[in-house]
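*Asks:* With the hints as constraints, model all of the structure from the sequences given.
Next come the chains, spelled out residue by residue.
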Amino acid sequence: MFELLADGLLNVIQLKYLIPLAIGTLIGVVGGALPGITITMTVIMVLPFTFGLEPLQGLAAMIGVYVGGESGGLITATLIGIPGKPSSISTTFDGFPMARKGEPGRAVWLGIWASFFGGLLGGVFLIGATGWLADIALRFGPWEFFALFIFALSMVAGLTEESLAKGLLAGAFGLIITTFGSDPIMSVPRFTMGSQFLVGGFPFLPVLIGIFAFAQLMTDIERARSLAGSDASAGQLVNLAVSQTRVVGEILARPFLLLWSTFIGILIGVLPAIGGSAASVMAYDQAKKLSRHPERFGTGTPEGIIASEASNNANVGGSLVTIMAFGIPGDAVTAVMLGAMTIHGIQSGPLFMSQETTLAYGIFAAYLLAHPIMLAIMAVGARWFLRIVTIPKSILIPMVLVLCVVGAYALNNTMDSVWVLGLFGLVGYGLVKLGFPLAPLILGLILGDQIEVNLVRALMTDSDLWLFVTRPISAFLLALSVLSVVLALWQRRRQRRGPTEPDVDF
Amino acid sequence: MKALAWGIAFLSLAGAAQAAFPERPVKLIVPWAAGGDTDNIFRPFGQAFQKHLGQTVVIANIGGASGTVGAREAKAAPADGYTLFAVHDFIHLTYYTGVADTSYSDFRPVCSVASTPSVLTASPKTKWQSIPELIADAKARPGAVTVGATLGSTSHFFPAIVEKAAGIKLKYVSYDGLAQRMNAILGGHIDLTDGNLTQKGKVDAGQLRFLAIATEKRNAEIPNVPTFRELGLDVVYSVTRGLLAPKNTPDAVLATLEGACIKALAEESFARSMKAQGTEVLPLDRKGYGAFLDRVDGENKALAQEVGLLRR
Chain A
1 MFELLADGLL
11 NVIQLKYLIP
21 LAIGTLIGVV
31 GGALPGITIT
41 MTVIMVLPFT
51 FGLEPLQGLA
61 AMIGVYVGGE
71 SGGLITATLI
81 GIPGKPSSIS
91 TTFDGFPMAR
101 KGEPGRAVWL
111 GIWASFFGGL
121 LGGVFLIGAT
131 GWLADIALRF
141 GPWEFFALFI
151 FALSMVAGLT
161 EESLAKGLLA
171 GAFGLIITTF
181 GSDPIMSVPR
191 FTMGSQFLVG
201 GFPFLPVLIG
211 IFAFAQLMTD
221 IERARSLAGS
231 DASAGQLVNL
241 AVSQTRVVGE
251 ILARPFLLLW
261 STFIGILIGV
271 LPAIGGSAAS
281 VMAYDQAKKL
291 SRHPERFGTG
301 TPEGIIASEA
311 SNNANVGGSL
321 VTIMAFGIPG
331 DAVTAVMLGA
341 MTIHGIQSGP
351 LFMSQETTLA
361 YGIFAAYLLA
371 HPIMLAIMAV
381 GARWFLRIVT
391 IPKSILIPMV
401 LVLCVVGAYA
411 LNNTMDSVWV
421 LGLFGLVGYG
431 LVKLGFPLAP
441 LILGLILGDQ
451 IEVNLVRALM
461 TDSDLWLFVT
471 RPISAFLLAL
481 SVLSVVLALW
491 QRRRQRRGPT
501 EPDVDF
Chain B
1 MKALAWGIAF
11 LSLAGAAQAA
21 FPERPVKLIV
31 PWAAGGDTDN
41 IFRPFGQAFQ
51 KHLGQTVVIA
61 NIGGASGTVG
71 AREAKAAPAD
81 GYTLFAVHDF
91 IHLTYYTGVA
101 DTSYSDFRPV
111 CSVASTPSVL
121 TASPKTKWQS
131 IPELIADAKA
141 RPGAVTVGAT
151 LGSTSHFFPA
161 IVEKAAGIKL
171 KYVSYDGLAQ
181 RMNAILGGHI
191 DLTDGNLTQK
201 GKVDAGQLRF
211 LAIATEKRNA
221 EIPNVPTFRE
231 LGLDVVYSVT
241 RGLLAPKNTP
251 DAVLATLEGA
261 CIKALAEESF
271 ARSMKAQGTE
281 VLPLDRKGYG
291 AFLDRVDGEN
301 KALAQEVGLL
311 RR
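Top to bottom, those sequences are chains A and B. Quick note, the first sequence lines up with residues 1 to 506 if you use the numbering used here. Quick note, the second sequence lines up with residues 1 to 312 if you use the numbering used here.
Please note: incorrect hints may appear among the correct ones.
Listed below are the simulated DSS-like cross-link pairs for lysine-lysine, each with C-alpha atoms no more than 30 Å apart in a straight line [as the list claims (entries may be wrong)]:
#1 171/B <-> 125/B
#2 217/B <-> 287/B
#3 171/B <-> 16/A
#4 164/B <-> 200/B
#5 27/B <-> 16/A
#6 139/B <-> 127/B
These are calculated hints, taken from the structure and not from any lab test.
*Replies:* Take a look at the structure:
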């Protein structure tokens, strides 16, 4: 394994892979730092530019974006108190107070180093566990996959801050969208209304970009005025000089905190459906509960920054394990990553590690190398990234919208995709206005075909429905689904007027 | 001297006018997931093909519904030679079994690429070491032995032919494409599937079992695997893959594509990667492949009727 990894590293260190990786990481850091631009959007925008590259080159670029994006958010989070992306929300809790108390350098670098260590520990897990989980994944029959997807959906519906009913409805709506077009087994046309275009169903990525990027950017435009005020304070360059040894020492002096936050990040990453923001919120919450000075949280304590940033970077490693071993996406970012793999001719799944060993270790190596590259980019550019944040929203949002449309078009070189994007942009915006959470909708959309195919397969293999509850793994996962819904109901009853948690990150 | 220079300039201009196709990358639709056998054949082919075409060939895996989603998209694509379709015998079968409305006659042939014989492959979790054991077991429990298959396609037909020849009853479960069927058979979620020599590595590693090959004679790569003929079952089956273009593609464009394809098939590197996959390179030109398709279409219709899957 170490030999394979060494080969992978030597392979990726070649300039033809290192350059796309570095460029991807840089774009990721910038995208992550820009408030309102999520990692998913950044990945979508970069994807069409990788079409012409070799598979590993393209994937290195995408992994760079993913890793860079997960780290970039901390700059804006600590220095101006606005999370660059949802998963750095909990970094603002302590990062911003610390920066305001006159230690912006310490706050930023604590975050960067915590991301670095968390990410690398996540990488150790990625390399060690992928093969092992692939063996487990092979044991998953259609019953287990069906149960796993149901669990993912119920968990996301339960986690949303809006009402459970709306969460479940949004998930169901996502599933319904996937039933348009030919059925995946016998190709019977459904809801095509005589249109030749609809026979193929709604193309997945344009729908995703529409619902996700458009609907979200529209809400951002509404809020643009309120964000304008804080932009002014970011205009000046901040001095981020700080003793690196002291910062690194501060993190390494808390090994338990670092490991525990990383563990939470990885765990949330491996579970399908919940993304980086749940990881960082949970890690922050855990750090606070386990701390001897919980009262210091929120006032600028280093623990808060370390917990949040270590966990959201470790989360990337965990997510990659799931897409590589199971070949199924857990959320929007990984759905796009999986789409990117398919475009580059890679079928991930239980056999991927053993059949495409070189490529798999190339991906591991790219993931590991993205971290020192991220560190270097931060060292050179952290203070400059704030300047990018001051680009007025009125210029930035249209630019991103245009790139999203270009990306949707480039997927198939057809305008139909753009119309689909437009349609679902409006639908998504309407749903946001009606108070529906988008996360379960997206997950329903991602998993719809898989749920259907696996249900049909299970019934074709054996018409006995009891198998869903008599096969142990399937029964366990279905029990967890019921539990997660019950838990969500119970929690809502308990804290009817309690503070709302941030939305699940997609 | 001056005349010569003009002559060269003129020739190169004429050349430029003729070489107008291809002026941008060509998309090759593979209607199955990446990592399946069709994909494994067309990816090395794409490499060799783009070398002789002088343009990048982008492989687009558009899987789903027994290859018909990709077929439909290829059929609807502009007939300018920039969208090509990687086809195999499924196109006839899915038409006659009523899975799709797309027929091979919606396209024009460019060239055939390769032919892969089918091997009946069993999961190591089953207890059969040979075809007679399988037949005895299947006769004892009719309809209980599961076969992973792309419904209405070649991987459905090959087991159906075996089923008929041996007088047994099998149960089919939908797994689109070889990549998915391999996951299922390695995990023991299905008992049997239509495999081929691309899976030899897994057989050597003891993860799969080849029961019998559907060729006339034994294959030199797997000398221990008997043919169906030896076992008294008249089953000879292979899957031929080729390149099609949308129906109204101009002749000049087709000729360019055909030329590049035939040269690509002669590449040493392509032959080597096909040999490793137990596949025979089959270079038929437009005319030859067209005649081949006509013949196979008739055969497949008869076949669909024979195994009771004809719906048209």
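*Asks:* Among the hints numbered above, which are violated by the structure, and what are their numbers in rising order?
*Replies:* Hint 3 is the one this structure does not satisfy, whereas the remaining hints hold.
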